[in-house]
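Those protein sequence lines, which keep their order, are chains A and B.
Under my numbering, the first residue of the first sequence is numbered 101, with each subsequent residue one higher.
Under my numbering, the first residue of the second sequence is numbered 271, with each subsequent residue one higher.
Relax, there's no trap hidden among the hints.
Label pairs and their calculated CB-CB ranges:
#1 B:Arg631 / A:Met134: 47 to 57 Å
#2 B:Arg405 / A:Met134: 55 to 65 Å
#3 B:Pro304 / A:His130: 48 to 58 Å
#4 B:Lys469 / A:Thr249: 27 to 37 Å
#5 B:Val637 / A:Pro196: 40 to 50 Å
#6 A:Thr220 / B:Ile562: 34 to 44 Å
#7 B:Ser632 / A:Met276: 52 to 62 Å
#8 A:Lys229 / B:Tyr449: 18 to 28 Å
#9 B:Lys552 / A:Gly227: 33 to 43 Å
#10 B:Val637 / A:Asp182: 53 to 63 Å
#11 A:Gln231 / B:Trp679: 54 to 64 Å
Everything labelled a hint here was simulated from the structure, so no lab data went into it.
Beta carbons are placed, not taken as given, at the ideal position from N, Cα and C, and that holds for glycine.
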Amino acid sequence: MVSDSKQVLYGLYNDEEDLKGAIRAANAAHLDIMDVYTPFPVHGLDPILGLKESRLHYLGFIYGTIGCLFAFLTMTWIFTSDWPIVFGGKPYWSIPAFIPITFELTVLFAAWGMTLTFYTICGLWPGVKAQSLDNRITDDKFCIAFDVTAASDNAVDGLKQFFGTTQAAEVNIKTM
Amino acid sequence: MSQAVAPVRHILIEGNKSYHNITEDLCTPTEKAPSREWVIAFALASAFLGLYLFAIVWTVWKGIGEWGANRTINWAWDITNFVWWIGIGHAGTLISAILLLFRQRWRTGVNRAAEAMTIFAVICAGQFPIFHMGRVWLAFFIFPFPNTRGPLWTNFNSPLLWDVFAISTYFSVSLLFWYTGLVPDLATVRDRATGYRRKIYETFSFGWTGSAKHWQRWEALSLVLAGISTPLVLSVHTIVSFDFATSVIPGWHTTIFPPYFVAGAIFSGFAMVQTLMVLTRKVLGLQEYITINHIESMNKVIVLTGTIVGVAYLTELFIAWYSGYIYEQFAFYNRVFGIYWWSYFGMMFCNVVSPQLFWSRSIRRSVWWTFFLSVLVNIGMWFERFVIIATTLARDYLPSSWSYYNPTWVEISIFTGTIGLFFTLYLIFTRVAPVIAIAEVKAILKVAGDQYIGPNAKKHADDAEKVEEPKH
Numbered sequence: 101m102v103s104d105s106k107q108v109l110y111g112l113y114n115d116e117e118d119l120k121g122a123i124r125a126a127n128a129a130h131l132d133i134m135d136v137y138t139p140f141p142v143h144g145l146d147p148i149l150g151l152k153e154s155r156l157h158y159l160g161f162i163y164g165t166i167g168c169l170f171a172f173l174t175m176t177w178i179f180t181s182d183w184p185i186v187f188g189g190k191p192y193w194s195i196p197a198f199i200p201i202t203f204e205l206t207v208l209f210a211a212w213g214m215t216l217t218f219y220t221i222c223g224l225w226p227g228v229k230a231q232s233l234d235n236r237i238t239d240d241k242f243c244i245a246f247d248v249t250a251a252s253d254n255a256v257d258g259l260k261q262f263f264g265t266t267q268a269a270e271v272n273i274k275t276m
Numbered sequence: 271m272s273q274a275v276a277p278v279r280h281i282l283i284e285g286n287k288s289y290h291n292i293t294e295d296l297c298t299p300t301e302k303a304p305s306r307e308w309v310i311a312f313a314l315a316s317a318f319l320g321l322y323l324f325a326i327v328w329t330v331w332k333g334i335g336e337w338g339a340n341r342t343i344n345w346a347w348d349i350t351n352f353v354w355w356i357g358i359g360h361a362g363t364l365i366s367a368i369l370l371l372f373r374q375r376w377r378t379g380v381n382r383a384a385e386a387m388t389i390f391a392v393i394c395a396g397q398f399p400i401f402h403m404g405r406v407w408l409a410f411f412i413f414p415f416p417n418t419r420g421p422l423w424t425n426f427n428s429p430l431l432w433d434v435f436a437i438s439t440y441f442s443v444s445l446l447f448w449y450t451g452l453v454p455d456l457a458t459v460r461d462r463a464t465g466y467r468r469k470i471y472e473t474f475s476f477g478w479t480g481s482a483k484h485w486q487r488w489e490a491l492s493l494v495l496a497g498i499s500t501p502l503v504l505s506v507h508t509i510v511s512f513d514f515a516t517s518v519i520p521g522w523h524t525t526i527f528p529p530y531f532v533a534g535a536i537f538s539g540f541a542m543v544q545t546l547m548v549l550t551r552k553v554l555g556l557q558e559y560i561t562i563n564h565i566e567s568m569n570k571v572i573v574l575t576g577t578i579v580g581v582a583y584l585t586e587l588f589i590a591w592y593s594g595y596i597y598e599q600f601a602f603y604n605r606v607f608g609i610y611w612w613s614y615f616g617m618m619f620c621n622v623v624s625p626q627l628f629w630s631r632s633i634r635r636s637v638w639w640t641f642f643l644s645v646l647v648n649i650g651m652w653f654e655r656f657v658i659i660a661t662t663l664a665r666d667y668l669p670s671s672w673s674y675y676n677p678t679w680v681e682i683s684i685f686t687g688t689i690g691l692f693f694t695l696y697l698i699f700t701r702v703a704p705v706i707a708i709a710e711v712k713a714i715l716k717v718a719g720d721q722y723i724g725p726n727a728k729k730h731a732d733d734a735e736k737v738e739e740p741k742h
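Only chain B is shown next, with the shape it has when bound in the complex (with noise of 0.2 Å):
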């Protein structure tokens, strides 16, 4: 290797390309007639968002009462299933908001996917709460707005309101961070197309030409609202793990949560990054942008998080013991061996034990290995969720109301449907836009494609005197 390239960076992207080969990659998949396999993968999300919806009726017309949760458990399902889409829902702006700061420059094969995947998991997310309102034609309580009520405000001291402000803000930021990123590539997909489809991609694309002075205030933009992102991620599962943290349950109050919630985000992010990832690249036949590269890099950070999760999770029986408290420790005894024993182990099992293989590079650089992983770490994280919710309601102070869970086919479907809404938006989101950020790509390929750097590199490339980049 030439000393001219630091041996720490990594073939990002492969395939010898030039610019416009990156614009026809990645610009295609929008153009063409969709493929087979997207048919079917759209018929089968869009069924299941048609179970969603009719559960969803069925819930407003009959009431919550369809819901196996009972007054002893009164969070169950729901909440698990919106604290498990909020954390899905964290992989996208930390790639696109942590790791610019880091420049870390492989997130520019997975920024916008991640980011798309982060809006829709936290549509997903939303529709949980606002469900369990019972009552959903008045969810508009939830806002403060001055009311014929008193006027009667929220309570500002409390966690759920905390939450519903971090949700709506990481939402709208993350839209709007998602967006401005677009509106570059929308702009190569408009002047590509031609007849009615460059009328609508002109719309969206919001007239943008790349004059010099616009893309200096783009990136003055993406990294200011990276900078502010970044702590707003952090900060929207810290809010969500108040939901328990700050209430005086044994086994939820606890200060660890803020932490460990937030590992286990990020944790469940990038699985589910992956996931879809190692799905997209093979359908949309992008290997060569999302590398083995790429993928290894994620899988290093579920290896880190992981672990931070697994850490955290003994710490906490630790602490039970050590703090000598018999509710704590009851809680903490039955959340491992009581009734739901079956789903703390679950949890163990792929939290913590199945990312270790992630140790191996031959494992890491897997890509079939990389897709199991990745669904069980999704299952895990599942039964994180189900495990601190169910299990801790499930034996509360008094004994005469102990009591147990099972979902009823309403929550079943709803959970199972908004797989389908995710999937659904998911789909559509790579017909209708480039699923990789097309101009941060051309960004780096002077300094990450194949044939400037790597064992694959042009000649010129290895003469450590050459100070201008090699031209195509």
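Next comes chain A alone, as it looks inside the complex (with noise of 0.2 Å):
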């Protein structure tokens, strides 16, 4: 089990080209971030992080595929086995007809699918308290946190020295 608190040193940055900065600082330095936040997406960030792409995209897809099946299969069940009834003298199986519904729940399973499972890896849910650092992260602040809980004091005079020197605007230190 992760214990439940940590000491969180983080620096806030004004821009986002200073964060960019510090952060290939950081990179060049080896210094290990635990998480950056900031108030909108900055572009350029996920590769100067390391972040690989997200596969969220590939699990849409599967998604889709899953209500595409079912909802074609479904059709083709009822109405060529469970309950076949004639429509205006057309084939019990008439695929034409199947396509719309094929369609939006393709979209459904697809879109519900992705959202859920966006909500779910990232831990966000009504009821979760944020583990904010700062207030001014949603609104015009740009954040590196890094994770001192097991640092030594020379590693933390290290990091704000970090800080100092990427012009960061402010250094706290916060239990979470």
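Build the complex from these two chains, which are given one at a time in their own frames, with help from the hints.
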């Protein structure tokens, strides 16, 4: 189990360009960044943070395929075996008429599946208390956080120095 | 102008905003006491909502015989209103999905409100077919589920059932899209709030922190949702048009219906967005975020889709004549010169003639003209649905069953009541959530803010050598 409380040292930057510069500097100094928090999606952050591309869209494809098959096969089963009815002299298995519903359920399953997966893997749900370091991160501050729970005083000082040289506007430590 | 900035880039955020200014400006409407205009508008909207509830209870209690619809004109105001509202509900997802795929930055100013509008419009639309069923307590029969009646299933070959799937999918996917976009902004409101408001926004923002990985996934999700919502939004009105096009009624049985309905839906949706945005930016003081450039961009969409709709009207007439089929020819002659000629000419004037004024740049950029013409388009698009439905049914195959239709007070109350429902929901929305996507506006600040581009740009932005984005 992960221990409940964590010591986090974080620095706030005023601009996303400062943030990106600082991350590059941290990479150069081989510092282990815990996380980066921004008020909006900052482009160009993923490669320098070493974040791999999200695989959410593969899942979207799988969910969509499930929805597509579910719709088509259910209608097929109902109209050819469970309760076949002739509508207007058409064949029981009237594929063109199944296309609209098959399409709609493909979209429905893909959208719901992906969205629910997104909230689940991000740990975002109603009732989750935000592990927020600073209220201004959702406003205009860009934050780099280091986990310093097990770090020596020397290491913490080194990180503080790093924030100093990269022009962080503020440096704080927080237990969460 | 500098060479570094493409001349096609318009200023989309005025007033030399910093990130913090954006947060302030967009969160404040949810934090301060409502203005007098809001209270008056809300009182009026809820009065109409009350009227709606009264008329619905009346309908359910007495039956739909209380409506003016009759055996010949069995679809009348109800389906007209349904198609009208669904059409209005098309702009939101179009703006958020298609314009996201096309990387149109101006969408950020209007997408949030347009998506909310979509959801509310679909809620209003849903009322009509549901209550038209008559025995509304059996409405759940429209969903296929294993039941004790056989199990007897729904008819999957029926366009009416396709509509059930299309509209419920559209509603729920639009809701997901809208809410997922809203979560980071609700977190912004949360982080500014104290006391019980903070608790409420904590629940609704799902514990959002703004972590880089979350943003990455959030963007991936938005992009794929946009990708699948784009065919979805086109499918919804296509399927609504199938309700008519797959029938064997002259005047309805035409292959032009799907594209013509979709263009009409986008047309009316944008008109409603304009009506609302012009009011919202004024009442909430958001002129620096919903700029004249935004209004002009939307007016361009209106003139394009209005022209497509106009071409479709003329094509219909031409094909009816060219078909050499007298029933088809009669249906269209009757549509133009028959008993409901006034609604045809109303439609032609409002939908085809009036938006052509937007070819003029000064009219396109005038708030008053925009408001006036957007209301006209809304009226015209209502006429269009009335023309298609009532005119066609009033003169069917047997002259002995020809009929005329007048709405009763119940139908008028339900229709005006749904407008009340719509505005009640919209007004509540403007109080509880930021009406402009805060995070998305911040993300385009440095490419569309007036301190970075355009004539107000600071000196260093003109320096073509400078690659780094300027700081504020």
